[in-house]
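Participant: Sequence:
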Amino acid sequence: MNHYLLAILGSSAPTLTYASPKAIESGEVVEVELKSRLKKAVVLEKIDPPSFDCKEILRPLEARFSPLQQKIARFISTYYCASLGESFGLFIPFESTPPPPKEAPPPPLLPLSSLQQEALEFLQAKPSALLFGDTGSGKTEIYAHLIATHLSKGKSVLFLMPEISLTPQMERRLCGYFGDWVALWHSKISAKKKQETLEGIASGQIRLIAGARSSLFLPLPNLGLIIVDEEHDDAYKSQNRPRYNARDLALLAGDRGGIQVILGSATPLASTYYRFSQKEAMFRLKGRHFQTQKSLLFTPGLDTLTPPLLQEISKTLKRGKQAIIFLPTRANFKHLLCTQCGESLQCPHCSVSLSLHKKERALICHHCRYSCPIPSLCPKCGAELKSERLGTAQIAEELSLLFPEANIERFDRDLITTQSRLKKTLERFNQGKIDLLVGTQMLSKGHDYHNVELAAILGIDYLLKSDDYRAHERAISTLLQLCGRSGRKESGGVLIQSFHTAFLKDRLGDYEEFLKEELRLRQGLYPPFSKLAMIWFSHTDPSKAQRACQETLERLQKTPVEIIGHGPAPIEKIAKKWRYCIFVRSKSSKTLLSSLAKAKGELDEIDIDPLSFV
Numbered sequence: 000m001n002h003y004l005l006a007i008l009g010s011s012a013p014t015l016t017y018a019s020p021k022a023i024e025s026g027e028v029v030e031v032e033l034k035s036r037l038k039k040a041v042v043l044e045k046i047d048p049p050s051f052d053c054k055e056i057l058r059p060l061e062a063r064f065s066p067l068q069q070k071i072a073r074f075i076s077t078y079y080c081a082s083l084g085e086s087f088g089l090f091i092p093f094e095s096t097p098p099p100p101k102e103a104p105p106p107p108l109l110p111l112s113s114l115q116q117e118a119l120e121f122l123q124a125k126p127s128a129l130l131f132g133d134t135g136s137g138k139t140e141i142y143a144h145l146i147a148t149h150l151s152k153g154k155s156v157l158f159l160m161p162e163i164s165l166t167p168q169m170e171r172r173l174c175g176y177f178g179d180w181v182a183l184w185h186s187k188i189s190a191k192k193k194q195e196t197l198e199g200i201a202s203g204q205i206r207l208i209a210g211a212r213s214s215l216f217l218p219l220p221n222l223g224l225i226i227v228d229e230e231h232d233d234a235y236k237s238q239n240r241p242r243y244n245a246r247d248l249a250l251l252a253g254d255r256g257g258i259q260v261i262l263g264s265a266t267p268l269a270s271t272y273y274r275f276s277q278k279e280a281m282f283r284l285k286g287r288h289f290q291t292q293k294s295l296l297f298t299p300g301l302d303t304l305t306p307p308l309l310q311e312i313s314k315t316l317k318r319g320k321q322a323i324i325f326l327p328t329r330a331n332f333k334h335l336l337c338t339q340c341g342e343s344l345q346c347p348h349c350s351v352s353l354s355l356h357k358k359e360r361a362l363i364c365h366h367c368r369y370s371c372p373i374p375s376l377c378p379k380c381g382a383e384l385k386s387e388r389l390g391t392a393q394i395a396e397e398l399s400l401l402f403p404e405a406n407i408e409r410f411d412r413d414l415i416t417t418q419s420r421l422k423k424t425l426e427r428f429n430q431g432k433i434d435l436l437v438g439t440q441m442l443s444k445g446h447d448y449h450n451v452e453l454a455a456i457l458g459i460d461y462l463l464k465s466d467d468y469r470a471h472e473r474a475i476s477t478l479l480q481l482c483g484r485s486g487r488k489e490s491g492g493v494l495i496q497s498f499h500t501a502f503l504k505d506r507l508g509d510y511e512e513f514l515k516e517e518l519r520l521r522q523g524l525y526p527p528f529s530k531l532a533m534i535w536f537s538h539t540d541p542s543k544a545q546r547a548c549q550e551t552l553e554r555l556q557k558t559p560v561e562i563i564g565h566g567p568a569p570i571e572k573i574a575k576k577w578r579y580c581i582f583v584r585s586k587s588s589k590t591l592l593s594s595l596a597k598a599k600g601e602l603d604e605i606d607i608d609p610l611s612f613v
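Residue 422 in numbering that gives the first Met the number 0 sits at position 423 of the sequence shown, with consecutive numbering throughout.
Worth flagging that the hints you see were computed from the coordinates, not collected in a lab. Treat the hints with care, since some could be wrong.
What the hints assert, rightly or not - Here are the simulated DSS-like pairs of lysine-lysine, each with C-alpha atoms no more than 25 Å apart in a straight line:
id : residue 1 : residue 2
1  : 557       : 589
2  : 54        : 34
3  : 191       : 39
4  : 530       : 599
5  : 39        : 70
6  : 101       : 152
7  : 152       : 187
8  : 70        : 34
9  : 70        : 38
10 : 21        : 236
11 : 557       : 70
12 : 432       : 320
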């Protein structure tokens, strides 16, 4: 009798031992009985006979995780502190022997400019690289040529996008180039369509997948290229267990599987810029592919409809053009901002803004838990401090009263809940049936708005002064992405309401210099020069959550990691559970992970490389 270590797919349970009279290879998917229920499991390895009796594996399921899938799943389990069952549960295994490679016929690609051709040749020579290209510089055309090269060699290609909202537009462009080779993959696609796509992949009819982060786990045979578009986007990070980052896993797959990986963005992350500039694997693509003129207009203000803004909207509408009005996504915790000078109150220990907690009547740092009383006036200029701000609904309502002849609609996650609604709204906007589009972060997600003459950005100071070490990076990146939404093929203007005009002007002119400045400020404190982790504790009984936090804290204090802060979570209660947290830092991943393993308790939820601190 053979004995094997198994992981139940999708389960957080520890590994289990089962027996089988037949020899089974690691990576095979089998059916087992667990607590009187049938479960799918993956065979991890053959082991010596245990000292206890084991249930037998019921049957193999003619599905297998490839060696590369196994390597990545094991990495996810170790690095992101998840069970092997959860990690393998992300993947769809291979169910048949991959078909022999088919060479794709040359597609009707657009000719490249001399600079684009230079970028293409640079990228083709690198196993992994960053395409740092300005908005409108023609990155998609370069991607298409890279894809065509790999398809012509019989390879499959994965084109990762951060948001489902980008897929209709990219689908049109990719299908125009590569026809029936292309399929989409994301959470809103029906089960029937997904099954058809899997059958197309297995038969070799589908060779190019364009999709959200989950498409990284598809059984793509002969994978030769992964493109991670808009690599800066936070949507690549899963906020559910396992809390993986698809961008980082794509690079891991490239390294472990000999797959070329190209990251692209007009506003790459500081950590990505640092990584690829250090190994001379970054190409800087400047300028716009379509030559357009664009003017920047700054005016003081937060998120209200100021006279200069209303004047620009009026002029735009009179010319028969369109405008988009952007507000940052409403944060869970408000920050006090001065209505005159735009200053926020900073933590003296963390270089982030303090958050307003009305219940405690205090300003609190979400990183180190420093707190101070709420001041009544701005300590810098003595003016009133403001904590309330308008949302997209209120702005759209006010604009409707001021411009009754204009067709005004919202573009945010409250309204754009389905793929069809997204597609319909974008089509109506590009057809000129909507005059003003008021929205949140979704507006900056790489869409082409052909007739937009004005992009107005309100409330950017809330991003700029948020309680996050990446606050400046997020604000500048968002501004540049939004600036790229107006005047895509004609002249366009951008109006920015902010009390920090000089700061923004200096940094919007040269994003690369801004990244270098950010990296200097982060030296020794924040990524890429350190590793961060958040440990969460939750329970319906607050005393049990607090006790678990305290016990883990005491164990962590005996390890080499630095404890930055601990205590009640910024959002203290979610789904009837009280929450506590510990924020830790280390110089190395190895030290961080080994320390967390030693300190781990029963209620812990660990987030490595966190993007959210609430």
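Participant: Against each hint, give a clear statement of whether it holds in the structure.
Facilitator: These are the hints, each one checked on the structure:
| no. | hint | verdict |
| --- | --- | --- |
| 1 | 557 <-> 589 | 16 Å, holds |
| 2 | 54 <-> 34 | 11 Å, holds |
| 3 | 191 <-> 39 | 21 Å, holds |
| 4 | 530 <-> 599 | 18 Å, holds |
| 5 | 39 <-> 70 | 19 Å, holds |
| 6 | 101 <-> 152 | 8 Å, holds |
| 7 | 152 <-> 187 | 31 Å, violated |
| 8 | 70 <-> 34 | 29 Å, violated |
| 9 | 70 <-> 38 | 23 Å, holds |
| 10 | 21 <-> 236 | 40 Å, violated |
| 11 | 557 <-> 70 | 32 Å, violated |
| 12 | 432 <-> 320 | 11 Å, holds |
Of the numbered hints listed earlier, those contradicted by the structure are 7, 8, 10 and 11.
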